[in-house]
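J.: Listed here are the chains, written in short residue letters.
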Amino acid sequence: MLPYFLIKGNGTAGVLAMLPGLLLGAIIITSCAFWNKTCEGYTLFPALTEMLGTFLGKAVGFGFVLFYASFAVSCLYGFIEVINGHLLLETPRMVIAIGIFLLVGVLSWHGLEDIARIATLCAILVLVISLLMLMGSKGVFSIENLLPIRFGEPESLLIAVRQSFFAYGGLLSLFMVYPALARNAHVSKKLMLAMGVSSVAVSLWIILALGVFGQYSTGSMIWLPLELARMIQLSSFLERTEALFAILWMVVVVANGGMLVWCVTEGVQQLFGKRKNSWLHWGTIALLVGMGMQTKNVLGLLQLQQKLSVVSLFWIPILLLFVIVGSLRYRHRQRREEGLGL
Amino acid sequence: MKFSSLGKLLLFVCFTAAFCNGCWDRKEFNQLAIAQTIAVDYEDGEYQLTVQLLMPNTAEETISSKNIWIIDGKGKSVGDAMENLALRAPRELYLNHLDIVLLGEGLMKQDVGQGIEYLMKQHVLRRRTSLLATEGRAGDIVQAQSDLAEVDIYYLANLIRDQRRHVKESETIINDYYIAMDNHVQETLVIPKVALAGEKEIKMAGAALIRDRKLLSWVDQEWLSTYFWITGGKEIVTLQNVGAQHYDVTLEVRKEKYKWELLSKEPLQVEVTFRGTLYMTENDKAAEGLSLDELEAFNESMKKVVEAELTSRIEQDIAQMQEQGADILHLGRWLYAWHPDLMPEETWAEAFSKIKIAVKMETNLELYELK
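Protein chains in written order, with the working numbering: chain R, 124 to 465; chain U, 2 to 372.
These are calculated hints, taken from the structure and not from any lab test. Given the structure is predicted, the values throughout are model-derived calculations rather than measurements. Heads up, some of the hints might be wrong.
To be verified - Coverage of chain U stretches by chain R, computed from C-beta distances (three or more under 8 Å per stretch; other residues unrestricted): (1) 121-129; (2) 181-192; (3) 325-337.
Where is the CB? At the ideal position from N, CA and C, for every residue including glycine.
One chain only, chain R, in its complex shape:
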């Protein structure tokens, strides 16, 4: 849904509203690297308890879990809405939701390595389909549709910046993922590169869509990449390219959704001090399904996304602040203990 919020009211200039989000992403990656260096050997929730005390540590940990849960619901239910609204119209929403969450649940149960391997395997597919989309839009793309580049009303710009903030806030999942990564000094550089590449990819999709549809008629399109896929024709024998796009989207959603759900269930398990508990895992997933079903339709999802983006303006910085201040205090304490020979 990010393209919709960026473009609505802002047109091509909306792509620039991704910059604050990009800055936030860089701050999160840097903070995460600093925290990991300070609290080497600790996963997030035990580290928080160690840094901030039991009560405050668990409260901040719960804040992280809530954020991951809201992000996971927003991401997965966005895809469910697309499937239910455009492709599988008669299949009940609950059935699609159960299918997706079952898939994501099994993936997250097996851990990060399986998720990473699936993402690697599917990366080629994503690249091929993206290239096909690019080729197919050649005949209908016009650079004049992108111009002039002008920002819209301040309110539209603020909404775009908030949504960008929320979208990049998903990188908070790195705090859960980092301890599982290999002890490689260049991980943060690779993460920055990955963030840069995905930002460029999203921007290109948006520019492609604007070049095809123009800046003014895109305001009513919620699923801009899907509309682009419906528009594109790859020769006369391949017509329903939205089916290809649905595959691409599913791959991305399953990988992202799998990781986010893993963060939620792992976070819950760490909060309760359990390891690999199937009741907690599937119970959490059932709760996520229930949370998402409260949004009855795409309008409900839009409203949820709007509210989450507003709350994220405070939520994300507060969580980051706790982690950074806690890390600094912890490092200071460690050095003092080392100095005292303890």
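On the provided structure of chain R, position chain U as indicated by the hints.
T.: What follows is chain U alone, placed relative to chain R:
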């Protein structure tokens, strides 16, 4: 009894297969009425939708004119008309293969957007769906299609495809409509027109000009020649009394992308450069017996004659467009994109008629064979 891991996995796969295979949305081919063309009319305060349905039968290997059914539905809104249509369809209406929307004259005089907006929101139409205009009732063309199905079951679709072979991107799609109507400039959209020609024929016959979502005027096929310089394509031009022997020469002109250039800001003056490649197709005896040097001079002189002829035609057509305030050359779009500060305060239709537009032709003469 304890389930083995393999057993659990198999059970899980069977269980998720029930949720992930899309069978809930299955469509049985022989239970569908597939719509290829839809006609939208507006008359006496009511919308009328006419649909040509193909109803395949699993017992038959091919689809013929026997499988065609025409139905229509009326209502105060397009939604009502659609409902009426669905109630009369002998099978489940399947609209996902709609390729063509025919717009009737009544609708175009009322509001084109209202005719297609509901269908767009219901995902019945795609932005790639072709638009065609008709004088009078669009439903009559769809009715005639059932007779023409004996000739070709996909008569209209093939008509568009054939035109596209000759004139690249000559069709107008719904996306073009929204871009032209929704941008800040009052552009004029050209929608190709179809008309009945006798009992067994439909032909492309000019176009409708749409501005502000309504019909501006009808134009004939010859007028479209200038429009086709924008979309690209071929045109046959016959020049008379060429060369020292005064032969008639026929050329195939292949048109390429045009280009705008700002000549002056005050007063606003622009130049449009049209490019094309000329191929001698007939009556090349005009160059017979010429030496190489004479041939080069002849080529050059013929190029100048053709360019002058084409420039004159285009200038006349542009003057007519300016008179009507019909910017089909997308000058407004270009100006707003590259020089937004030069956009006049008055409406674009009025401003367009006052801008000085110079025409320039650049052609290459190719494939001139020596005998």
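J.: Are the hints correct? Go through all of them and say.
T.: Going down the list of hints, with the structure as the test:
1. Coverage of the region 121-129 of chain U by chain R holds [criterion: at least 3 residues with CB-CB distance below 8 Å; count 4].
2. Given a C-beta distance limit of less than 8 Å, the hint that chain R covers the region 181-192 of chain U holds, as 3 residues qualify and 3 suffice.
3. Restraint check on the region 325-337 of chain U versus chain R: 4 residues with Cβ-Cβ distances below 8 Å, three needed, restraint holds.
Checked against the numbered hints given earlier, this structure breaks none of them.
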